[in-house]
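**Student:** Chains Z and D, in that order, are what the protein sequence lines are.
Following the numbering used here from start to finish, the first sequence increments by one per residue and tops out at 193.
Following the numbering used here from start to finish, the second sequence increments by one per residue and tops out at 119.
To be clear, the hints were calculated from the coordinates, so they are not data collected in a lab.
There could be a bad hint or two in this list.
[Stated by the list, open to error] Calculated pairs, DSS-like style, for lysine-lysine (alpha carbon to alpha carbon, straight line, at most 30 angstroms):
| no. | chain 1 | residue 1 | chain 2 | residue 2 |
| --- | --- | --- | --- | --- |
| 1 | Z | Lys82 | Z | Lys149 |
| 2 | D | Lys61 | Z | Lys123 |
| 3 | Z | Lys149 | D | Lys61 |
| 4 | Z | Lys123 | Z | Lys82 |
| 5 | D | Lys75 | D | Lys13 |
| 6 | D | Lys87 | Z | Lys123 |
| 7 | D | Lys18 | D | Lys74 |
| 8 | D | Lys18 | D | Lys61 |
| 9 | D | Lys74 | Z | Lys123 |
| 10 | Z | Lys123 | D | Lys13 |
| 11 | Z | Lys123 | D | Lys18 |
| 12 | Z | Lys82 | D | Lys87 |
| 13 | D | Lys13 | D | Lys74 |
| 14 | D | Lys61 | Z | Lys82 |
| 15 | D | Lys87 | D | Lys18 |
| 16 | D | Lys75 | Z | Lys123 |
| 17 | D | Lys75 | D | Lys61 |
| 18 | D | Lys13 | D | Lys61 |
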Amino acid sequence: KQEVTQIPAALSVPEGENLVLNCSFTDSAIYNLQWFRQDPGKGLTSLLLIQSSQREQTSGRLNASLDKSSGRSTLYIAASQPGDSATYLCAVDQTGANNLFFGTGTRLTVIP
Amino acid sequence: DGGITQSPKYLFRKEGQNVTLSCEQNLNHDAMYWYRQDPGQGLRLIYYSQIVNDFQKGDIAEGYSVSREKKESFPLTVTSAQKNPTAFYLCASMLSGTARVQPQHFGDGTRLSIL
Numbered sequence: 082k083q084e085v086t087q088i089p090a091a092l093s094v095p096e097g098e099n100l101v102l103n104c105s106f107t108d109s110a111i112y113n114l115q116w117f118r119q120d121p122g123k124g125l126t127s128l129l130l131i132q133s134s135q136r137e138q139t140s141g142r143l144n145a146s147l148d149k150s151s152g153r154s155t156l157y158i159a160a161s162q163p164g165d166s167a168t169y170l171c172a173v174d175q176t177g178a179n180n181l182f183f184g185t186g187t188r189l190t191v192i193p
Numbered sequence: 005d006g007g008i009t010q011s012p013k014y015l016f017r018k019e020g021q022n023v024t025l026s027c028e029q030n031l032n033h034d035a036m037y038w039y040r041q042d043p044g045q046g047l048r049l050i051y052y053s054q055i056v057n058d059f060q061k062g063d064i065a066e067g068y069s070v071s072r073e074k075k076e077s078f079p080l081t082v083t084s085a086q087k088n089p090t091a092f093y094l095c096a097s098m099l100s101g102t103a104r105v106q107p108q109h110f111g112d113g114t115r116l117s118i119l
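Please construct the entire structure, taking both the sequences and the accompanying hints into account.
**Tutor:** Here it is in structure tokens:
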């Protein structure tokens, strides 16, 4: 069964720093990989979706990469801001039916 | 304003009681999903529905039931058979039938606690 791991579980950085969040998965036969943001007590907001045939996706200050063969994805956040403070979750879709396997998330705190 | 509405935001259940969590969407999405989130764990899929009057079990369906009588609505019932129901429950929907898979849209969740 697919297992998704996110390291570190928590991360604190000063404002303005660039940072990388990591996601690894055990079964490389995936359809796509998705990154979400979750604010405390709220639902998830989709950030980026990378199809299995793609290497990366970018949206504003966010860049997500995918290396299917090694079972890894990274989310790069440039010039971090206090408003970026949230939990970031990655999830993999193995079938294309969008039945997602989620990681446990990385809780990011950006210190002003 | 389109979106997904979950109600109530907080819910308390007594022992042996069934409770129903509401999920309504006005996004005209065909697919809908229910997840459970526990502290320190990722989201786990309870049930999903790709179309009206059809639904499938996810990884942790035991002790839960759903219905999909209308496209806009996908209520989740937590039955007395679910022995550890305390969790944060999230509903999601997705536009299907497109050339590429679209991301899921989530509601703001219902927090269920046992009295």
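**Student:** Next step is simple, just say for each hint if it's right about the structure.
**Tutor:** Structure-based check of each hint:
The hinted pair formed by Lys82 (chain Z) and Lys149 (chain Z) meets the criterion: a straight-line CA distance of about 16 angstroms does not exceed 30 angstroms. With a CA separation close to 24 angstroms, the supplied pair Lys61 (chain D) and Lys123 (chain Z) stays within the 30 angstroms bound. Simply put, Lys149 (chain Z) and Lys61 (chain D) have alpha-carbon atoms about 28 angstroms apart, close enough for the 30 angstroms limit, and the pair holds. Of the pairs offered as hints, the one joining Lys123 (chain Z) and Lys82 (chain Z) holds, with about 28 angstroms between alpha carbons and a cut-off of 30 angstroms not exceeded.
Between Lys75 (chain D) and Lys13 (chain D) the CA atoms are separated by roughly 22 angstroms; this keeps the pair inside 30 angstroms, and the hint holds. Of the pairs offered as hints, the one joining Lys87 (chain D) and Lys123 (chain Z) holds, with about 25 angstroms between alpha carbons and a cut-off of 30 angstroms not exceeded. For a cut-off of 30 angstroms, the pair hint linking Lys18 (chain D) to Lys74 (chain D) stands: about 29 angstroms separates their Cα positions. For the hint linking Lys18 (chain D) to Lys61 (chain D), the alpha-carbon distance of about 25 angstroms falls within 30 angstroms, and the restraint holds.
Note on Lys74 (chain D) and Lys123 (chain Z): the hinted pairing holds, with a Cα-Cα distance of about 25 angstroms set against a maximum of 30 angstroms. For a cut-off of 30 angstroms, the pair hint linking Lys123 (chain Z) to Lys13 (chain D) stands: about 10 angstroms separates their Cα positions. Restraint check: the Cα-Cα separation between Lys123 (chain Z) and Lys18 (chain D) comes to about 25 angstroms, which is no more than 30 angstroms; the hinted pair holds. The hinted pair formed by Lys82 (chain Z) and Lys87 (chain D) meets the criterion: a straight-line CA distance of about 24 angstroms does not exceed 30 angstroms.
The suggested pairing of Lys13 (chain D) with Lys74 (chain D) holds, with an alpha-carbon distance near 22 angstroms, which does not exceed 30 angstroms. Taking the CA atoms of Lys61 (chain D) and Lys82 (chain Z), the gap is near 16 angstroms; set against the 30 angstroms cutoff, the hint holds. In summary, the hint linking Lys87 (chain D) to Lys18 (chain D) is supported, as the alpha carbons are separated by about 12 angstroms, within the 30 angstroms threshold. At roughly 24 angstroms between alpha-carbon atoms, Lys75 (chain D) and Lys123 (chain Z) fall within 30 angstroms of each other, so this suggested pair holds.
With a CA separation close to 18 angstroms, the supplied pair Lys75 (chain D) and Lys61 (chain D) stays within the 30 angstroms bound. A distance of roughly 24 angstroms separates the Cα atoms of Lys13 (chain D) and Lys61 (chain D); the hinted pair therefore holds under the 30 angstroms criterion.
When held up to the earlier numbered hints, the structure conflicts with none and fits them all.
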